[in-house]
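The residues making up each chain are set out below.
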Amino acid sequence: MYVCVVQKAYQETDSVISSVSTKVKGFAFTNTSDMGPRVWDTADYVIPPQSDNSFFVMTNMVVTPTQTQSRCPELPSPSATCVDDCDCTEGHSNPQGSGIQTGLCENYSTTVQTCEVRSWCPLEIDAVLPKPALLAAAENYTVLIKNSITYPKFRFHGRNILPHINSSYLKRCEFNHATDPHCPIFRLKHIVSEAGEEFQDMAVMGGIIGIIIDWSCDLDSWAGKCYPKYSFSRLDNKHHVNNVAPGYNFRFAKYYRTADGEETRTLMKAYGIRFDVIVFGTAGKFGIVPTIVNLGAALSFLSLVSAVSDWFILNCMAKSDVYKKHKFTYLSDNSGTESISLGTSYGTE
Amino acid sequence: MYVCVVQKAYQETDSVISSVSTKVKGFAFTNTSDMGPRVWDTADYVIPPQSDNSFFVMTNMVVTPTQTQSRCPELPSPSATCVDDCDCTEGHSNPQGSGIQTGLCENYSTTVQTCEVRSWCPLEIDAVLPKPALLAAAENYTVLIKNSITYPKFRFHGRNILPHINSSYLKRCEFNHATDPHCPIFRLKHIVSEAGEEFQDMAVMGGIIGIIIDWSCDLDSWAGKCYPKYSFSRLDNKHHVNNVAPGYNFRFAKYYRTADGEETRTLMKAYGIRFDVIVFGTAGKFGIVPTIVNLGAALSFLSLVSAVSDWFILNCMAKSDVYKKHKFTYLSDNSGTESISLGTSYGTE
Amino acid sequence: MYVCVVQKAYQETDSVISSVSTKVKGFAFTNTSDMGPRVWDTADYVIPPQSDNSFFVMTNMVVTPTQTQSRCPELPSPSATCVDDCDCTEGHSNPQGSGIQTGLCENYSTTVQTCEVRSWCPLEIDAVLPKPALLAAAENYTVLIKNSITYPKFRFHGRNILPHINSSYLKRCEFNHATDPHCPIFRLKHIVSEAGEEFQDMAVMGGIIGIIIDWSCDLDSWAGKCYPKYSFSRLDNKHHVNNVAPGYNFRFAKYYRTADGEETRTLMKAYGIRFDVIVFGTAGKFGIVPTIVNLGAALSFLSLVSAVSDWFILNCMAKSDVYKKHKFTYLSDNSGTESISLGTSYGTE
Numbered sequence: 001m002y003v004c005v006v007q008k009a010y011q012e013t014d015s016v017i018s019s020v021s022t023k024v025k026g027f028a029f030t031n032t033s034d035m036g037p038r039v040w041d042t043a044d045y046v047i048p049p050q051s052d053n054s055f056f057v058m059t060n061m062v063v064t065p066t067q068t069q070s071r072c073p074e075l076p077s078p079s080a081t082c083v084d085d086c087d088c089t090e091g092h093s094n095p096q097g098s099g100i101q102t103g104l105c106e107n108y109s110t111t112v113q114t115c116e117v118r119s120w121c122p123l124e125i126d127a128v129l130p131k132p133a134l135l136a137a138a139e140n141y142t143v144l145i146k147n148s149i150t151y152p153k154f155r156f157h158g159r160n161i162l163p164h165i166n167s168s169y170l171k172r173c174e175f176n177h178a179t180d181p182h183c184p185i186f187r188l189k190h191i192v193s194e195a196g197e198e199f200q201d202m203a204v205m206g207g208i209i210g211i212i213i214d215w216s217c218d219l220d221s222w223a224g225k226c227y228p229k230y231s232f233s234r235l236d237n238k239h240h241v242n243n244v245a246p247g248y249n250f251r252f253a254k255y256y257r258t259a260d261g262e263e264t265r266t267l268m269k270a271y272g273i274r275f276d277v278i279v280f281g282t283a284g285k286f287g288i289v290p291t292i293v294n295l296g297a298a299l300s301f302l303s304l305v306s307a308v309s310d311w312f313i314l315n316c317m318a319k320s321d322v323y324k325k326h327k328f329t330y331l332s333d334n335s336g337t338e339s340i341s342l343g344t345s346y347g348t349e
Numbered sequence: 001m002y003v004c005v006v007q008k009a010y011q012e013t014d015s016v017i018s019s020v021s022t023k024v025k026g027f028a029f030t031n032t033s034d035m036g037p038r039v040w041d042t043a044d045y046v047i048p049p050q051s052d053n054s055f056f057v058m059t060n061m062v063v064t065p066t067q068t069q070s071r072c073p074e075l076p077s078p079s080a081t082c083v084d085d086c087d088c089t090e091g092h093s094n095p096q097g098s099g100i101q102t103g104l105c106e107n108y109s110t111t112v113q114t115c116e117v118r119s120w121c122p123l124e125i126d127a128v129l130p131k132p133a134l135l136a137a138a139e140n141y142t143v144l145i146k147n148s149i150t151y152p153k154f155r156f157h158g159r160n161i162l163p164h165i166n167s168s169y170l171k172r173c174e175f176n177h178a179t180d181p182h183c184p185i186f187r188l189k190h191i192v193s194e195a196g197e198e199f200q201d202m203a204v205m206g207g208i209i210g211i212i213i214d215w216s217c218d219l220d221s222w223a224g225k226c227y228p229k230y231s232f233s234r235l236d237n238k239h240h241v242n243n244v245a246p247g248y249n250f251r252f253a254k255y256y257r258t259a260d261g262e263e264t265r266t267l268m269k270a271y272g273i274r275f276d277v278i279v280f281g282t283a284g285k286f287g288i289v290p291t292i293v294n295l296g297a298a299l300s301f302l303s304l305v306s307a308v309s310d311w312f313i314l315n316c317m318a319k320s321d322v323y324k325k326h327k328f329t330y331l332s333d334n335s336g337t338e339s340i341s342l343g344t345s346y347g348t349e
Numbered sequence: 001m002y003v004c005v006v007q008k009a010y011q012e013t014d015s016v017i018s019s020v021s022t023k024v025k026g027f028a029f030t031n032t033s034d035m036g037p038r039v040w041d042t043a044d045y046v047i048p049p050q051s052d053n054s055f056f057v058m059t060n061m062v063v064t065p066t067q068t069q070s071r072c073p074e075l076p077s078p079s080a081t082c083v084d085d086c087d088c089t090e091g092h093s094n095p096q097g098s099g100i101q102t103g104l105c106e107n108y109s110t111t112v113q114t115c116e117v118r119s120w121c122p123l124e125i126d127a128v129l130p131k132p133a134l135l136a137a138a139e140n141y142t143v144l145i146k147n148s149i150t151y152p153k154f155r156f157h158g159r160n161i162l163p164h165i166n167s168s169y170l171k172r173c174e175f176n177h178a179t180d181p182h183c184p185i186f187r188l189k190h191i192v193s194e195a196g197e198e199f200q201d202m203a204v205m206g207g208i209i210g211i212i213i214d215w216s217c218d219l220d221s222w223a224g225k226c227y228p229k230y231s232f233s234r235l236d237n238k239h240h241v242n243n244v245a246p247g248y249n250f251r252f253a254k255y256y257r258t259a260d261g262e263e264t265r266t267l268m269k270a271y272g273i274r275f276d277v278i279v280f281g282t283a284g285k286f287g288i289v290p291t292i293v294n295l296g297a298a299l300s301f302l303s304l305v306s307a308v309s310d311w312f313i314l315n316c317m318a319k320s321d322v323y324k325k326h327k328f329t330y331l332s333d334n335s336g337t338e339s340i341s342l343g344t345s346y347g348t349e
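Order-wise, the sequence lines are chains A, B and C. Quick note on numbering: this note's numbering labels position 224 of the first sequence as 224, and the sequence is numbered without any gaps. Quick note on numbering: this note's numbering labels position 173 of the second sequence as 173, and the sequence is numbered without any gaps. Quick note on numbering: this note's numbering labels position 11 of the third sequence as 11, and the sequence is numbered without any gaps.
Each hint should be verified, as a subset may be incorrect.
For identical chains, the list gives no copy identity; a pair is met inside one copy or between any two copies.
[To be verified] With a Cα cut of at most 30 Å, we get these calculated BS3-like pairs of lysine-lysine: (1) Lys153 x Lys189; (2) Lys229 x Lys285; (3) Lys23 x Lys189; (4) Lys285 x Lys269; (5) Lys25 x Lys131; (6) Lys171 x Lys131; (7) Lys23 x Lys285; (8) Lys131 x Lys285; (9) Lys254 x Lys229; (10) Lys229 x Lys131; (11) Lys153 x Lys171; (12) Lys25 x Lys153; (13) Lys269 x Lys171; (14) Lys229 x Lys189; (15) Lys189 x Lys171; (16) Lys285 x Lys25; (17) Lys131 x Lys254; (18) Lys225 x Lys131.
Note that these hints are calculated values from the structure, not bench results.
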């Protein structure tokens, strides 16, 4: 009972403390009218360049180069079209729009008039998404994941680059559940396909994939080694029903300054796959306290079990009469005995 | 007992695995002497552009444009003022200062002399913070939060865009505890006010707000549906007593290169609100093992209870005599009986 | 039993909800042939400028300025050297290489020919790492860590800037386990040395350090105050055996646009220390439910104990005979009594 109170029973499990670092490798080539021929390397397509438990690989994009702070007619939409200036409200900002209205109605094209907005112009036109994805070659990128973990209570340290693996193997290996289950280098296409998805489909709109590293271990000395187990699953919702803003994308800008000091920017709407590395695990180790508590509770339950099973047999089973007779014969004998014995006792008092 | 040992009892709860993505929408307009008229969009005020479980919205700033690597006199402060070069130490870097001293004492203004430092010059002057906040319009930004969760043990998947919600609703809805508790689109002002704060106050110095999504669920089939519950609270400390560096701010720079190849930068001290999306939850489901252990332990406790309550009544209660008499009468009778019965028995031996 | 079932026993502990913000201060000076004399401040060396639970401080780097999209011969390596164009495959991208091959074999130097690649040229040469680290002065940077926590179930709020600390102390204090255990300002060198590492060694290749804040508390009113406890440990693996990509580094680029509109970039391979702030803790508070369950289980176990110890004494101990005789004498007397008593009873029926 001392241990129960002082040790606050049931603490012989421990949660993992983990650190993850990732390194993506690979090149892609694009040749668009906007940007001309261009090679993309890690510094171009991993945004932000470092993060703690996830990394984003850009697979598709809408680029709007050379935007400046100015005024331009809004993109045509039911709420932006206008006939004259009265349809536009100075200072109004439509949540679906692209800027703050100036109150003027301007020609967007020869046939459509829209409200003018103050914004970064020209405006981004993201209605048409490149398909197949511009950086479709991303499927062949590889990522090295380094993961170190600690179970502080048990002073256990582990890492996903196992001690028996030598460096020449690491230079050429590639993760595969069947053949290379401990190689920490993953091909992006393989990760996505293990998660049950098609890389090229996902590359167009983007998404979120979980790389789950399970360090659940039995650290008792008689148990085996503690190795990480990898699994993969899509974390965002791929069904397009009721799906606002499907996929995964965000906008960022590269800012430039022209020779005469004016600021311009290149706006990128980046579509891509965010890989979240999720490390979890609970280590268990033999502890006398949980053993006692569980054993005790179980024992106590056993006495309940006999009572309940009796009740069950006596009342619910067919042929319960046989058992009942047998049981109660004995019981009534016994109680008879006792009453008589008591009677005798009282009599001799 | 078998189940207790092998199944390591008490594991019929499961922790959530979650993925979050966020998308902020809205425009703000500023007109300062430094930058002229300027519209701010998502790519300008969300820094960094993507992150996994939090997003930062800039609400106020101190801009120092066109800094270059050079030398300039330190900002006046008790530790930086000087009379002649002897007061300045070449190579010294004051932790409260702005760069590395060159050892010279220069005129900061016609009245003050300070030590010259090698740094990005001109130096940032952040003593005066714009009030009201420059991007006060941020209160009308909206954010769409997409959250998918999994309870791996129970193979339960959920997301905060519920199946019964249709997309036309999602185009116009806005979260409100009373009227739209399942709309995943939040107005920033509403979030902050639900956390018990005033947006415009917070916008000046910045802060951290937690958006807490609670997926605690009873997954048993007889229980109801599993829905997320949102709550909001300020996570940093708003009290200014003993508050070093109150609010939330950080510095970042945009780097430019002039026509003659010299590097310049625009330094931004960005104040704003960081929204941390905290997803938590424990799902519970009927499990035979915890049931047995808890029942057993409780049963065993019940026997303790009767002993303790007897002791309590006999010793601590007024009128305990009545009970005591009653109890002990019976007991003494009984023990009398027994002793006699035993006596008899011995006698017959 | 009611409480056990309804309250789902054992929930009187709670996990921490935490928010962290960090602010690094300090300057470093470098003078390299590439960049000339240069002072580095927080906006230069903390990448990305803000993050939720970690911060990265650059300590060393390989800078490749003025890269443009063009073609150049690959760096010499066994797989890149060639004799004529037949050795190079157009469109091939070597995972260890620097770009996408054009199919030509060019002179890398007067003695070596390598396959030409389309890439950002000139290529980065990262074979030689500056040693000592370029930003070795980073050891004197300080970081202010602000951490607020909540135990939602117990409505307990805490922060690492304790109420009894005044602001003049915070201006000059520096964390030290012995003398200033509650100062939230840490010198990077001190953090690294508490983690058992040498800062200057680690600065060359980089690494990951955990700053662990333990808020485990007994919140019962009779217990003491709830204070954070800091500890530090290296989270990545420092042993260079089998260590692919040792240390911690990543590449990022600053993009520029020349006067004639051509895009150039400065590629930085940044080595440095990522500090992960890991907040953990479980608060416990007296709860009647866990008390009952644990007591009950323990009681039940005690009855098992007596049985087991009897068995142990009777069978395993020397001199067990003495005890056995004593015990069984009494037992046989007792059973003799009973059988006789029963016999009598039967007789009188």
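We went through each hint and held it up to the structure:
1. Lys153 x Lys189: between (38 Å within a copy, 27 Å between copies)
2. Lys229 x Lys285: both (19 Å within a copy, 25 Å between copies)
3. Lys23 x Lys189: Both. Shortest intra-copy (16 Å) and inter-copy (27 Å) distances satisfy the 30 Å Cα cut-off.
4. Lys285 x Lys269: Intra 49 Å, inter 43 Å, cutoff 30 Å: neither.
5. Lys25 x Lys131: both (23 Å within a copy, 26 Å between copies)
6. Lys171 x Lys131: For Lys171 and Lys131, the Cα distance is within 30 Å only across copies (26 Å; inside one copy 34 Å).
7. Lys23 x Lys285: Cα proximity of Lys23 and Lys285: none, with 34 Å in one copy and 39 Å across.
8. Lys131 x Lys285: Classified as neither; 52 Å inside a copy, 44 Å across copies.
9. Lys254 x Lys229: neither (39 Å within a copy, 38 Å between copies)
10. Lys229 x Lys131: neither (35 Å within a copy, 38 Å between copies)
11. Lys153 x Lys171: neither (35 Å within a copy, 36 Å between copies)
12. Lys25 x Lys153: Answer is neither; intra-copy 36 Å and inter-copy 34 Å both fail.
13. Lys269 x Lys171: Between copies, since 21 Å is at most 30 Å while 35 Å is not.
14. Lys229 x Lys189: within (19 Å within a copy, 36 Å between copies)
15. Lys189 x Lys171: within (19 Å within a copy, 34 Å between copies)
16. Lys285 x Lys25: Neither: 39 Å inside a copy, 43 Å across copies.
17. Lys131 x Lys254: both (24 Å within a copy, 29 Å between copies)
18. Lys225 x Lys131: So Lys225 and Lys131 fail the 30 Å test inside a copy (47 Å) and across (39 Å) alike.
Hint compliance for this structure: hints 4, 7, 8, 9, 10, 11, 12, 16 and 18 are broken, all remaining hints hold.
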